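Residue numbers (numbering that gives the first Met the number 0), protein chains in the order written: chain A, 0 to 551; chain B, 0 to 75.
Please keep in mind that the hints were generated in silico from the structure rather than gathered at the bench. Be aware that one or more of the hints could be misleading.
What the hints assert, rightly or not - Derived contacts from chain B toward chain A, CB cut-off under 10 Å, selection only:
#, residue
1, 1
2, 3
3, 5
4, 8
5, 60
6, 62
7, 65
8, 70
9, 71
Said to hold, decoys possible - Taking CB as the label site, the calculated pair distances span:
#, chain 1, residue 1, chain 2, residue 2, range
10, B, 48, A, 236, 45 to 55 Å
11, A, 281, B, 24, 26 to 36 Å
12, A, 169, B, 46, 38 to 48 Å
13, A, 154, B, 48, 33 to 43 Å
14, A, 176, B, 23, 29 to 39 Å
None of these values were measured; they are calculated from a predicted model. Cβ coordinates follow ideal geometry from the N, Cα and C atoms, glycine included.
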Amino acid sequence: MVIESLKHLGIETVFGYPGGAILPIYDALYDSGIEHVLTRHEQAAIHAAEGYARATGRVGTVMATSGPGATNLVTGIADAYMDSVPIVIITGQVASGLIGKDAFQETDIIGITMPIVKHSYQVSHAEDIPRVLAEAYHLAGTGRPGPVLIDIPKDISNQKAPYRKVDDVQIPGYQALPLPNLLQIERAANAIREAHRPLLYIGGGVIASEAAEEIQEFSRKCGIPVVSTLMGLGAFPPDDPLFLGMLGMHGTYAANMAVYHCDVLIACGVRFDDRVTGKLERFSPFSKKVHIDIDPAEIGKNVIIEYPIHCDLKHALQFLLDQEPLAPSDNWMSEVRMWANQHPLQFKQEEDGGLKPQYVIDLLHKMTDSTAIVTTEVGQHQMWAAHFYQPKTPRTFITSGGLGTMGFGFPAAMGAQLGCPEKTVVCIAGDASIQMNIQELQTVAERNIPLKLFIINNRFLGMVRQWQEMFYENRLSESSIGQPDFVKVADAYGIKGLRAETPADAKRVIAEALAHPGPVLVDFVVVEDENVFPMVPPGGANVDMIERGWDE
Amino acid sequence: MKRTLHVLVNDKPGVLARVAGLFARRGYNIDRLIIERADVPGLSSMEIGTTCDDATLDQVTKQLSKLIDVIKILHV
Numbered sequence: 000m001v002i003e004s005l006k007h008l009g010i011e012t013v014f015g016y017p018g019g020a021i022l023p024i025y026d027a028l029y030d031s032g033i034e035h036v037l038t039r040h041e042q043a044a045i046h047a048a049e050g051y052a053r054a055t056g057r058v059g060t061v062m063a064t065s066g067p068g069a070t071n072l073v074t075g076i077a078d079a080y081m082d083s084v085p086i087v088i089i090t091g092q093v094a095s096g097l098i099g100k101d102a103f104q105e106t107d108i109i110g111i112t113m114p115i116v117k118h119s120y121q122v123s124h125a126e127d128i129p130r131v132l133a134e135a136y137h138l139a140g141t142g143r144p145g146p147v148l149i150d151i152p153k154d155i156s157n158q159k160a161p162y163r164k165v166d167d168v169q170i171p172g173y174q175a176l177p178l179p180n181l182l183q184i185e186r187a188a189n190a191i192r193e194a195h196r197p198l199l200y201i202g203g204g205v206i207a208s209e210a211a212e213e214i215q216e217f218s219r220k221c222g223i224p225v226v227s228t229l230m231g232l233g234a235f236p237p238d239d240p241l242f243l244g245m246l247g248m249h250g251t252y253a254a255n256m257a258v259y260h261c262d263v264l265i266a267c268g269v270r271f272d273d274r275v276t277g278k279l280e281r282f283s284p285f286s287k288k289v290h291i292d293i294d295p296a297e298i299g300k301n302v303i304i305e306y307p308i309h310c311d312l313k314h315a316l317q318f319l320l321d322q323e324p325l326a327p328s329d330n331w332m333s334e335v336r337m338w339a340n341q342h343p344l345q346f347k348q349e350e351d352g353g354l355k356p357q358y359v360i361d362l363l364h365k366m367t368d369s370t371a372i373v374t375t376e377v378g379q380h381q382m383w384a385a386h387f388y389q390p391k392t393p394r395t396f397i398t399s400g401g402l403g404t405m406g407f408g409f410p411a412a413m414g415a416q417l418g419c420p421e422k423t424v425v426c427i428a429g430d431a432s433i434q435m436n437i438q439e440l441q442t443v444a445e446r447n448i449p450l451k452l453f454i455i456n457n458r459f460l461g462m463v464r465q466w467q468e469m470f471y472e473n474r475l476s477e478s479s480i481g482q483p484d485f486v487k488v489a490d491a492y493g494i495k496g497l498r499a500e501t502p503a504d505a506k507r508v509i510a511e512a513l514a515h516p517g518p519v520l521v522d523f524v525v526v527e528d529e530n531v532f533p534m535v536p537p538g539g540a541n542v543d544m545i546e547r548g549w550d551e
Numbered sequence: 000m001k002r003t004l005h006v007l008v009n010d011k012p013g014v015l016a017r018v019a020g021l022f023a024r025r026g027y028n029i030d031r032l033i034i035e036r037a038d039v040p041g042l043s044s045m046e047i048g049t050t051c052d053d054a055t056l057d058q059v060t061k062q063l064s065k066l067i068d069v070i071k072i073l074h075v
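Full structure from sequences and hints, please.
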């Protein structure tokens with residue numbers, strides 16, 4: 000019944016791992032024609048489903064058994080919830096009669112995941128399965144996307160029932176596409192028209208609502224500069240003079256200065272996260288704020304909003320453009336360009352010096368012309384990727400933003416590559432992060448998933464060490480971390496492994512990796528002591544950023 | 000300030016946990032709670048008393064209305 004429903008919903012690829020309570024569903028999967036990607040850990044399966052969803056824009060699907068299978072998914076569910084990733088999670092459950100009896104591999108996964116799902120179902124009749132699945136995919140993929148969990152007891156999945164087609168999904172009280180309120184839009188347009196220093200602050204919502212074109216048109220037509228969150232990268236071409244880069248804790252000088260000094264801040268598909276705002280009381284203190292979001296609960300959650308627009312971003316921007324909210328901003332533009340030109344992101348790579356992590360990522364940017372899909376793990380390498388990879392189209396920069404999940408990037412790259420087989424997919428990982436889901440080298444090897452795994456190896460939990468250096472008197476508690484010989488590991492899994500220790504090596508090895516038709520692991524042995532700058536110290540305002548390291 | 004929310008929800012197992020969990024998780028306190036079958040079959044009505052300021056009430060209402068099992072928030 001489950002598999003039949005999935006087929007009717009057009010689901011082609013699922014990620015998962017079988018086990019006792021989900022055996023009936025795996026039995027039906029056996030000769031169904033649906034592609035099942037068997038990972039080596041349930042956590043990797045769900046991150047792969049996230050990567051698939053974020054690269055393709057379709058809803059990702061993951062299946063696991065009850066108990067430990069289900070609890071291994073929890074990190075991924077939380078990650079998808081924080082970053083609004085559309086996925087459907089199907090878990091097996093012990094038979095109905097055993098629920099509540101502490102049966103073998105029983106866990107209350109509905110209860111455990113209640114705060115981190117958009118919605119969840121426990122199925123109690125087999126004939127409900129088609130409707131529940133149709134609703135789940137609808138909920139996951141519409142409105143503000145998110146994870147939806149379906150828990151199916153084994154006796155229910157064992158039942159045979161005639162499949163009844165679900166024609167349309169009706170969920171009382173759920174409105175996928177809120178209609179724009181024209182009065183709200185008019186008020187916002189007036190405010191923008193009167194602005195002298197307007198600024199667009201864009202985030203993941205631009206990508207989710209497929210509004211990148213509208214944002215670009217709006218920005219260019221009105222001459223309004225743009226800053227982006229980590230999740231919004233790729234929505235605006237980085238070489239456009241209107242683009243000032245990422246804002247927030249590791250934002251660019253220009254982006255953080257602009258957000259501090261602007262007089263109208265137009266926030267599009269963002270949630271005023273603490274990594275963006277710094278100290279809230281001093282966040283963009285001179286601006287009136289327009290906030291366009293599909294989720295009304297985000298509007299006014301952290302920051303007072305003068306001009307709320309509760310609406311799908313794409314629609315809202317089209318309506319705003321009709322209002323021609325041009326803001327004269329010549330002086331403002333020259334001011335922000337001056338900040339951008341005088342304070343670019345930078346690093347120094349000496350030709351015969353140790354290999355710099357930023358240089359590796361800058362090379363990848365240049366050698367792929369940023370046409371590859373990049374996923375990242377979490378930490379310093381993630382911030383350097385955000386600074387130097389310079390993604391130029393939506394869905395080409397996939398990273399764990401809200402939850403900051405180490406172990407996300409490598410399985411996400413598998414999902415992205417399976418969803419977009421024609422693209423080059425590169426996972427930029429740290430030497431510690433990669434060890435959190437390194438077992439997936441086997442999945443990559445046996446399916447010959449041709450992703451490129453670039454390990455930025457500095458022998459440290461680099462971001463932890465950076466904080467210890469800066470805020471904990473250099474007491475490096477447990478941040479020095481060991482690792483295996485990654486090239487030998489690759490070899491053991493039957494994957495091509497390469498190593499680079501100098502700038503010249505890096506160039507040669509990246510070319511070799513990109514040209515290789517199968518999966519490649521590259522161990523970039525970089526200098527240990529590089530840190531991420533600029534940095535807004537925790538508790539500081541965006542203008543309090545530290546631009547360079549202490550030593551310079 | 001004392002407030003009362005009247006919330007129409009699906010009459011299903013686990014709905015109270017979703018509503019109560021949302022209050023707990025976001026740090027809002029429930030002072031008073033009455034649940035009864037609504038006139039409409041399949042629905043229950045909840046009367047929730049809480050003490051909070053306007054901004055918190057706005058946020059509670061919006062977060063509640065995002066729960067799929069919450070059909071309508073009648074009045075505050």
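Outcome of the hint check:
no. : hint                      : verdict
1   : 1                         : 22 Å, violated
2   : 3                         : 20 Å, violated
3   : 5                         : 14 Å, violated
4   : 8                         : 9 Å, holds
5   : 60                        : 9 Å, holds
6   : 62                        : 5 Å, holds
7   : 65                        : 6 Å, holds
8   : 70                        : 4 Å, holds
9   : 71                        : 6 Å, holds
10  : 48/B to 236/A: 45 to 55 Å : 52 Å, holds
11  : 281/A to 24/B: 26 to 36 Å : 28 Å, holds
12  : 169/A to 46/B: 38 to 48 Å : 27 Å, violated
13  : 154/A to 48/B: 33 to 43 Å : 41 Å, holds
14  : 176/A to 23/B: 29 to 39 Å : 31 Å, holds
Of the numbered hints given earlier, the model fails hints 1, 2, 3, 12; all others are met.
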